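Chains as they are written, first to last, in our numbering: chain Z, 1 to 199; chain E, 1001 to 1688.
Fair warning: there could be bad hints in the mix.
Just some of the chain E residues that point at chain Z, by a computed CB distance under 10 Å [stated by the list, open to error]:
| hint | residue |
| --- | --- |
| 1 | Phe1008 |
| 2 | Gly1013 |
| 3 | Val1015 |
| 4 | Leu1020 |
| 5 | Tyr1028 |
| 6 | Ser1120 |
| 7 | Asn1123 |
| 8 | Ser1144 |
| 9 | Pro1345 |
Only pairs whose alpha carbons sit at most 20 Å apart, straight line, appear in this in silico DMTMM-like list of lysine to aspartate or glutamate [said to hold, decoys possible]:
| hint | chain 1 | residue 1 | chain 2 | residue 2 |
| --- | --- | --- | --- | --- |
| 10 | E | Lys1290 | E | Glu1078 |
| 11 | E | Lys1329 | E | Asp1371 |
| 12 | E | Lys1147 | Z | Asp161 |
| 13 | Z | Lys92 | E | Glu1031 |
| 14 | Z | Lys93 | E | Glu1177 |
| 15 | E | Lys1147 | E | Glu1167 |
| 16 | Z | Lys32 | E | Asp1032 |
| 17 | Z | Lys164 | E | Asp1032 |
| 18 | Z | Lys33 | E | Asp1371 |
| 19 | E | Lys1425 | E | Asp1444 |
| 20 | Z | Lys164 | E | Asp1121 |
| 21 | Z | Lys93 | E | Asp1371 |
Honestly, the hints are just simulated from the structure, not real lab data. Small disclaimer: the values here were computed from a predicted structure and weren't measured. Just so you know, even glycine gets a beta-carbon here, dropped at the ideal spot from N, CA and C.
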Amino acid sequence: MEYVIIVIGAVLIKNILLAEYLGCCPFMGTSKKMNTAVGMGLAVIFVLTAATAVTYPIHHHIFTRFGLEYLQTITFILVIAALVQFVEMFLKKAIPALYQSLGIFLPLITTNCAVLGVAILCIRRDYSFIESIVFAFSSAAGFTLALVLLAGIRERLIISDVPKPLQGTAIGLITGGLMALAFFGFSGVDGSLNALVQQ
Amino acid sequence: MLITTTVFLLLLGMVAGIALAIASRVFYVWEDPTVLEITDALPGANCGGCGFAGCSAAAAAIAEGQAPCDMCVAGGFEVTRAIGKIMGQAVGEKEPEIAMTTCNFGLYEADSIYSYNGASDCNAAVMLYGGSKLCPIGCIGLGSCVKVCQFGAVAIGDDMLPVFNPERCVACGACVEACPKDIISLTSATIRIIGEYTTEECTAPCQRSCPTGIDIPGYIREVQNGNFEEGIRIIKEKCPLPLICGRICPAPCELACRRNLVDDAVGINSLKRFLADYEMTTGKYVNPYKCVDSGHKTAVIGGGAEGLTVAYYLARLGHQPTIFEAKPKLGGILRYVISEDRIPPGVLDHEIEGILEMGVEAQTSKTMGLDFTLGSLFDDGYDTIIVTTGGFDSRKILRPGGGVAAHVPDTFLMLDFLALETLGKPVEVGEHVVIVDSGKMALDVARSCRRLGAKKVTIVSNRSIDELPEELAERDALSAEGIDVRSSTVIAALEGVSDSLTRAVFEEHRPRDNEPVQSETIEVDTIIVASGRLPELVFTSVANEEQPDSNQEACLWQTVDIFRTLPRGGDNGVFSTPEKGRVSDSSAVVKSILSGRRIVRGIQMCFSGEPITPVAHLAAETDDILTVTEVQQVDVSERQNAPIRVAEAGTENNWGQSEAIPGLDESASRREAERCLACGLICYKKAM
């Protein structure tokens, strides 16, 4: 049941884009077209899950053991960047088809704040390894959901009569803000769910 | 703490670095460096105009040799040259293309069936009865083309019509794909020269009725704007003889002019003459973009209106033409038949000079059959020979020194054959003689041929067996005599070596239909035809497949059926009669120009390896085209006419160097151009 609460919490209530405000640059940059948004979303799911799976053991087996917690941020950035490079090479060799479809998005995510943010959140919230993986995956799913929703809206915005000063990124940001407001409607759902579980 | 941090990060960096180094070896994928180089050279717009999924896919195709170096439509010549350098190939400059629509009346001017107030996109608007305009091929004007253009080359103007910027347009074709009305097309001077108007584009009544299809509203608009050179350029895309046409054209366009419904037709031809005279007074020729040499060398037999047209457009397309003219000067009927009052020799000379300047060679006082033959032309390196002896030499057969020499090797008119036999100097016939005729005379000739030594005679008729005369219908008796009769058959093409005929392609006769029919190639030595005129033929050399090295000795040739480009097909036999569309109608100069232009279309398709097919949905050939039968809100205005000079009494045709009918001056021309209603299919300029 905790997993369900983690998933619902990460996807809807504390959506990494709309509630935590992490990863806003691809949210604007890759939401103009549905195809790009879907490709970016899949790449984020892939990288976020893998990055958390690598950073978690580093924190719990190296940092806590040697008292190096203060190196968390810089190490995670380095590790995630190396990991993405490695994954890119691996995909190119092993699964060229997947590389072709995710290829141009992978370098974009290398230093994405959403990836680093989720890895650090997992540590802060004291999740177990499995919980971390579930949290990372569902955060990325939440990212993808928000991105695809915005792409759908922006594709329609293109043919709408938008006032000239607001065209392009401006209307995109306004739309993103309205989406965030809408997602606030989910806040408190996790509390009720917790209460339900405890009963 | 500092030391721990440094050591830890150093270690981490080393571990990551070594792991990545090993990984890059383990997971190494070989990539063609030329692909990367070409990808860098390409513009990276990923417009898809080349037909590949993005620039890297195109680069891979170029590197593998599956696509030409000039396939990038977006980058222009600079990119082509860069790619050519990487690939080590020489590249030629490509003719610029640009996207265009034919719609000229915007949303507020055109008749509409409802007023649209929905999503601002053509695709959305088109869902409601195909858009708000009454005209089915009218521009919606909501700019779907503007949104897809990667190069900022399209904008919607104040009149709600797309404006294409030729400086920026790279002809990637994105807007062509995006337009829900399918009214954007890529166009270039070549496409316009060999093109014909179809029902899918907007044409004015005058444009459709012009035999050669000059963009009449286009050049009249340029007269209004004062861009006279641009006007001349528009005319020359369809008619290389504007000085001549402006003087002697019967102007069927003026009969079709919508102004006739109000007052008098616009003086379309006088305006053409004004532009042509303007060009003549500037002394500089306005010539369209010329393609690079294609490597073809062509010979045009006959320097009349048709031959000049063919040569001009062949030169324009880079096919290096040479005109061979039997008379001492070029011009044909224009020079030797039409009165000097109507075409002063100076005007004609100026017109011909302009055609020669385009890159046309001319050899005068050279008669085919006397001074040169088909074989000698092929030996001189010409790969295509076009016979355009048109209106003048209606029989196209010459008799030097009592014998008979034909343009078409080993082909004789039945009349000559019989006359020479009577004279006691019979034609030497080969082993297999083919007689193209349906009459009783065919049998007499067939028997003569047998007497003269032919082993086999075949009578070919396009009629069915039931329509043949009784004598020819008795096949069994005739085949005993060595005479074969083939009904419902035509000769569709000829093949030969140097100056002799070797084979003919027999096809089932089909009067109109352009579907392929069964054909059979048969060895033939002599052909005798009954019809009074031989068709205009185009001979092209073919590679000798059996003995590729023997081309030096004798050239193999075959005829090209350029008449397949004719609308409504015409008859499919090369020897069928003029009524069946096998010979050009030379009743007016503009009709000769049309046939010249169509011959060039056939040759261009033949050179580019496309099958020669007729144009579908031709606007000039259908009555099923949208038009209007009455006009409203058009003010009456008087036609500007040039005064006709009358010879004074007592003098004999005495206007010296000047012409019988002078042209309009500039102010009169502009006034006349203002009368134009700038018609489209159903739109026309209404008074406010």
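Evaluation of the provided hints:
1. Phe1008: holds, 6 Å
2. Gly1013: Constraint on Gly1013(E) satisfied, holds at 7 Å.
3. Val1015: At about 9 Å, which falls below the 10 Å cut-off, the nearest Cβ of chain Z leaves the hint on Val1015(E) intact, so it holds.
4. Leu1020: holds, 6 Å
5. Tyr1028: holds, 7 Å
6. Ser1120: At 5 Å from the nearest chain Z Cβ, Ser1120(E) passes the 10 Å test, so the hint holds.
7. Asn1123: Hint on Asn1123(E): holds, closest Cβ of chain Z at ~8 Å, below 10 Å.
8. Ser1144: holds, 9 Å
9. Pro1345: violated, 63 Å
10. Lys1290(E) - Glu1078(E): holds, 19 Å
11. Lys1329(E) - Asp1371(E): Status holds; Cα separation ~16 Å.
12. Lys1147(E) - Asp161(Z): holds, 14 Å
13. Lys92(Z) - Glu1031(E): Distance ~11 Å between Lys92(Z) and Glu1031(E) Cα, so the pair holds.
14. Lys93(Z) - Glu1177(E): violated, 36 Å
15. Lys1147(E) - Glu1167(E): holds, 18 Å
16. Lys32(Z) - Asp1032(E): violated, 32 Å
17. Lys164(Z) - Asp1032(E): Distance ~46 Å between Lys164(Z) and Asp1032(E) Cα, so the pair is violated.
18. Lys33(Z) - Asp1371(E): Not OK: Lys33(Z) and Asp1371(E) at ~70 Å, beyond 20 Å, violated.
19. Lys1425(E) - Asp1444(E): With Cα atoms ~17 Å apart, Lys1425(E) and Asp1444(E) stay inside 20 Å; holds.
20. Lys164(Z) - Asp1121(E): holds, 16 Å
21. Lys93(Z) - Asp1371(E): violated, 71 Å
The structure shown violates the earlier hints numbered 9, 14, 16, 17, 18 and 21.
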